[in-house]
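*Asks:* Protein chains in written order, with the numbering used here: chain C, 559 to 901; chain R, 559 to 901; chain X, 559 to 901; chain B, 559 to 901.
For the record, the hints were derived by calculation from the structure and aren't laboratory data.
Just so you know, these numbers come straight off a predicted model, no measurement behind them.
It cannot be assumed that every hint is accurate.
The list makes no distinction among identical chains, and a pair is therefore deemed to hold if it is satisfied within one copy or across any two copies.
Claimed, not checked - Under the rule of at most 27 Å between Cα atoms (straight-line distance), these lysine-lysine pairs were calculated in the DSSO-like manner: (1) 722 / 781; (2) 816 / 835; (3) 875 / 722; (4) 827 / 782; (5) 577 / 711; (6) 781 / 593; (7) 782 / 722; (8) 827 / 593; (9) 680 / 871; (10) 603 / 859; (11) 604 / 859; (12) 743 / 680; (13) 601 / 897; (14) 577 / 835; (15) 875 / 781; (16) 816 / 781; (17) 577 / 680; (18) 680 / 875; (19) 781 / 859; (20) 604 / 835; (21) 781 / 871; (22) 593 / 889; (23) 722 / 593.
Number of protein chains: 4
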Amino acid sequence: MIRFESDYTQGAVPEIIEKLVETNLEQTPGYGTDKYCMSAAEKIKKEIGDETADVHFLVGGTQTNYIFIASALRPHQGVISACTGHINVHESGSVESVGHKVIGLPSEDGKITAAQVERTVKDHYADPTFEHTVQPKMVYISFPTENGTIYSKKELSDLYAVCKENDLILFIDGARMGYGLASEKNDLTLRDIAALSDAFYIGGTKVGALFGEALVITRESCKKDFRYIEKQKGAMLAKGRLLGLQFDVLFTDGLYHKIARHAASLAMKIREAFLTKGIELYYDSYTNQQFPILTDEQLAKLNEHFVSSYWAKAGDKTAVRFCTSWATPEKDVDFLIEKIMEL
Amino acid sequence: MIRFESDYTQGAVPEIIEKLVETNLEQTPGYGTDKYCMSAAEKIKKEIGDETADVHFLVGGTQTNYIFIASALRPHQGVISACTGHINVHESGSVESVGHKVIGLPSEDGKITAAQVERTVKDHYADPTFEHTVQPKMVYISFPTENGTIYSKKELSDLYAVCKENDLILFIDGARMGYGLASEKNDLTLRDIAALSDAFYIGGTKVGALFGEALVITRESCKKDFRYIEKQKGAMLAKGRLLGLQFDVLFTDGLYHKIARHAASLAMKIREAFLTKGIELYYDSYTNQQFPILTDEQLAKLNEHFVSSYWAKAGDKTAVRFCTSWATPEKDVDFLIEKIMEL
Amino acid sequence: MIRFESDYTQGAVPEIIEKLVETNLEQTPGYGTDKYCMSAAEKIKKEIGDETADVHFLVGGTQTNYIFIASALRPHQGVISACTGHINVHESGSVESVGHKVIGLPSEDGKITAAQVERTVKDHYADPTFEHTVQPKMVYISFPTENGTIYSKKELSDLYAVCKENDLILFIDGARMGYGLASEKNDLTLRDIAALSDAFYIGGTKVGALFGEALVITRESCKKDFRYIEKQKGAMLAKGRLLGLQFDVLFTDGLYHKIARHAASLAMKIREAFLTKGIELYYDSYTNQQFPILTDEQLAKLNEHFVSSYWAKAGDKTAVRFCTSWATPEKDVDFLIEKIMEL
Amino acid sequence: MIRFESDYTQGAVPEIIEKLVETNLEQTPGYGTDKYCMSAAEKIKKEIGDETADVHFLVGGTQTNYIFIASALRPHQGVISACTGHINVHESGSVESVGHKVIGLPSEDGKITAAQVERTVKDHYADPTFEHTVQPKMVYISFPTENGTIYSKKELSDLYAVCKENDLILFIDGARMGYGLASEKNDLTLRDIAALSDAFYIGGTKVGALFGEALVITRESCKKDFRYIEKQKGAMLAKGRLLGLQFDVLFTDGLYHKIARHAASLAMKIREAFLTKGIELYYDSYTNQQFPILTDEQLAKLNEHFVSSYWAKAGDKTAVRFCTSWATPEKDVDFLIEKIMEL
């Protein structure tokens, strides 16, 4: 069976494994203060063009999301998110567990608009008893979204403008950042992402690393004392070197982007195959996740060779997810396409 | 100006005030261990026909809601509520502040159905990654709802049956309990409420008391150590006598129900007046809150004499709320009706 | 039996009761926005000489303590307190329940010193792994302390100077503020208290009111959005008028101080009686709480007429607490003294 | 410079690295449901002789501590710990951040006794206002302690007996479990540890793994729904295989214990060297951490070649920590001893 169910079924790019082997018995200080973390942070800051940014390396995505949110908000403040946002659906209530409401806005494609955010804030303060409702203070978006869609530069700029006008913090979940940037429809660079948000993270777990997310905080008021809270929530890796080393490798010679393009281009081949067969897609994704809507018979046939993941019922058909990743071999995709064509 | 904006603009029924004056210098032990609290609890237990219930007297509704929820749930568990539920909208995120997600279900009239709850639970466990989403463990409803509507005995029985089948805790917010029970459309008694839920509270603040809510816990597994948590959250009144005394008065000779019927019958007169004038109602309420949909001109005219509260935009009209209470004089209602008739 | 066990066994001063009766059916807006709250706040601001202070009226002491702390601290910050401080011992873990460690410092008499605080902060930052320990950010003291002792103007000035140097917030629990100010040993005014702290509260529950504490926030950075958090934690009384009215009465014509002096002077008579009989005191208190160390026989004799409260074992004797309050009749004290003299 | 400052300066045992390389491109399902986690759990359950235990693999120690505590306690409950316990000192307030007080008991050597725990519980319930103080519900100990000391089988048995009598949960932090078990003074096996506690964890980060702790829950009532909370707090590793694989290797052919014995025996050589030179030890440790008390001159000399970590001031001398680990080469220890002998 070939697994297309997610983009984290395998280990890490060979360059990372080699480096792990090579440095295994090297002695370094702990908790992210070693030279590998320093070097990786420098490379990221150089790429985004902001030497004053703070870069922290955490182990996973849920962790990064809720710890940054806990660090940045006061008790009465909530975070606006698409109702489909990962923090609102698939993190077991982590944001609420640190005391904050996720204010879910309706979304068809996983994105939210500047106008939606503006209306939410205006409505809040228009209510004479506004102190009886949660104060919107942060906007959380994912790039790409959980549905594979991406924000354009125009959309992100508008969103950030509304955030700045209303003193909201804009935070971008980049668990699949690489795959979003590598999309043929994308017009944003990592530098743009940094300039058009207050904080964001660059996902490693799904894009080439064994594990690890690089949180980048650019807004001055959100930087202070983050490490205390990272430690408190159990997210400060004792052997921090393991995180630094992985991002150091990924941000050397554009490796992160190169492996992401590999996944994105394979996903486009799968997309084309489904469309060629007249199979509709649940979301119009140009990134590494594809969501075909299959009949029971079609699904059964594909299930003979491939693992996909269930997404949603769509009438009497089923939407499932096929993911490519940095590790997907081209031949596996070709075999999948062959089987799609036989449907 | 006559205030119809809410049902808590005034003090307490004269019987309570008299008793406060009379007992002012009496010495009692603190924290709800005095004879007035005992007596009030006994009267409530007698009325609901459950001698084993635990009765706690708290100061306000938000407090009662979130403290009971905090006491009953483990960290990963959430509470199902109508999206319009008070805990989901008007308590500044108190439930989230103690770590729990409010799982909002769509509702037109403020109520949720047994079928909705069942589907939510079934969907949760049908997901193979259910541990990544908040576990539904409690159902919160309001009787009457924030919109003035009430559950029938059949609806509540169905809801409780689904809760029992799925090991969910059913908790009823009774901030306006009296007014719901006094509705001409109501077919439930307080005894039914107790038999068809795991915990509920009897609102005093809006129904005759200066302040105070009587939380009744009937489910054995929810009783343990509640007082610790009540104290921890700052809800254990030092001079607990003040709460016991008020409920003791309210539950003597059916006073609580008598004053509620007064408010309910005045509300029906207001309702009839609006309907007679062809003014539509935003919710079909048969309790003490009425929600007429007014033109700007109509609203301006009523605003000359009365304070109502803004509820929602309804096209180019506005839905506002008029409340009656135990304290509303019949003459004020007659004057309001006179002005409605002049619209 | 005459109760001397605490200073909150009875209702309120007659002036408050009269005002409650008189205003009972007056209609006011809710949640502390009424004219009584405004008036009471003005009187308090005038007395402390700070027109820019924020004054909030809450129901009880535990509530006031933990809500202010929750509002002022970020997740990794803790509050320094005497190990005997009320928040560290008798509030069921309320401060921890909102996420913060109470950093307990040793104390014999209930007070902590500027030097202790300074050392705690210096030690924290001297540790190279300081991010692995809770950051001290607030200092909590009680005036008078739980043991009846008081800070001198010099001691408080020194403490506040250290707080300012180290950017710590100084918060004073004034549950018994009146009795501290009324002590014959006291050299502080309420105006001094306000000038030498960032926030404090004036206790009503124990000093003349049915319930209620007036929180005064003087530090600009601690003022923002407090009401949201007050509401979230269930501490915003619907009929806020009840709180405003009580403090308005207490701060009219110096009533608050007058009734406190009554209690303090009676306590001094009790103190003298014990000392005259050669009975040692557990703490050297010049406020309304007295802690005689009694033999079993002495205690048994006093228990025939009076209720006191157990405090601590002291060898084979027992320290107990006798409290006076605004409500204590002089004749009860005379009778107590008579019985002390017979020991 | 040779680093003796901690036991987590290096990577993992070669057997783990080899396995990581070998399995890197293998596809496995996520979140700890893979065959490596299954296999590792089986091996651990076999070693402890409890097939019904639940085994969870988490990333780090702070994480494991506070998540288990959050999962097991209700809001008003606290955890008893030596004042020197890791959760009380070096986890940035993680336990408080999930709402629970750490009830610190005095300890000279890092251990607490059955008698201390019993007294704490008895005192709690003896207080008539016990609901105003945090309810002791869990006992947290470390094996070995942060000071290198260990509990004997007798001491642990007594402690667990008191816990069972008082319905307390006994939880053992085993961040350095291997080094405790490998101590020449130890009379406990892992099977004993499991039988004499309700939950414990086997540290990997400090004992041979890149990272990872194996939490073992033996008490039935503490097992339910742990994975939800693990996910919620960001501790469920996406590529769970990485954790399973490491513990699978460590628990194959007794590797875990073998590498721990290596560290313990080297530590004994260092201990002997210091004692031979007449240098006192701050704690009487027979495990992998040694705490010599050095003069400034002695410390300066050792600092020329070795990194140790500061522990405490001891008069005009300084206690520092030297750690050995699975990775410490014998030659480094010999060189250290040589330099000690030259002091």
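*Asks:* A separate judgement is required for each hint: does it hold in the structure or not?
*Replies:* Status of the hints after comparison with the structure:
1. 722 / 781: both (17 Å within a copy, 23 Å between copies)
2. 816 / 835: For residue 816 and residue 835, the Cα distance exceeds 27 Å both inside one copy (30 Å) and across copies (59 Å).
3. 875 / 722: Neither: 43 Å inside a chain and 33 Å across chains, both beyond 27 Å.
4. 827 / 782: Neither: 45 Å inside a copy, 44 Å across copies.
5. 577 / 711: neither (36 Å within a copy, 44 Å between copies)
6. 781 / 593: So residue 781 and residue 593 pass the 27 Å test inside one copy only (21 Å; across, 40 Å).
7. 782 / 722: Both ways: residue 782 and residue 722 sit 20 Å apart in one copy and 19 Å across, limit 27 Å.
8. 827 / 593: neither (40 Å within a copy, 32 Å between copies)
9. 680 / 871: For residue 680 and residue 871, only the inter-copy Cα distance (15 Å) is at most 27 Å; the intra-copy one is 36 Å.
10. 603 / 859: Neither, since 47 Å and 40 Å both go past 27 Å.
11. 604 / 859: neither (48 Å within a copy, 41 Å between copies)
12. 743 / 680: Intra 32 Å, inter 38 Å, cutoff 27 Å: neither.
13. 601 / 897: neither (42 Å within a copy, 41 Å between copies)
14. 577 / 835: Neither, since 44 Å and 42 Å both go past 27 Å.
15. 875 / 781: neither (47 Å within a copy, 38 Å between copies)
16. 816 / 781: Intra 30 Å, inter 44 Å, cutoff 27 Å: neither.
17. 577 / 680: Classified as neither: same-chain Cα gap 51 Å, cross-chain 40 Å, threshold 27 Å.
18. 680 / 875: Answer is between; shortest inter-copy Cα gap is 20 Å, intra-copy 40 Å.
19. 781 / 859: neither (51 Å within a copy, 39 Å between copies)
20. 604 / 835: neither (44 Å within a copy, 52 Å between copies)
21. 781 / 871: Intra 42 Å, inter 33 Å, cutoff 27 Å: neither.
22. 593 / 889: Close across copies (26 Å), not inside one copy (39 Å); limit 27 Å.
23. 722 / 593: Neither way: residue 722 and residue 593 sit 35 Å apart in one copy and 37 Å across, limit 27 Å.
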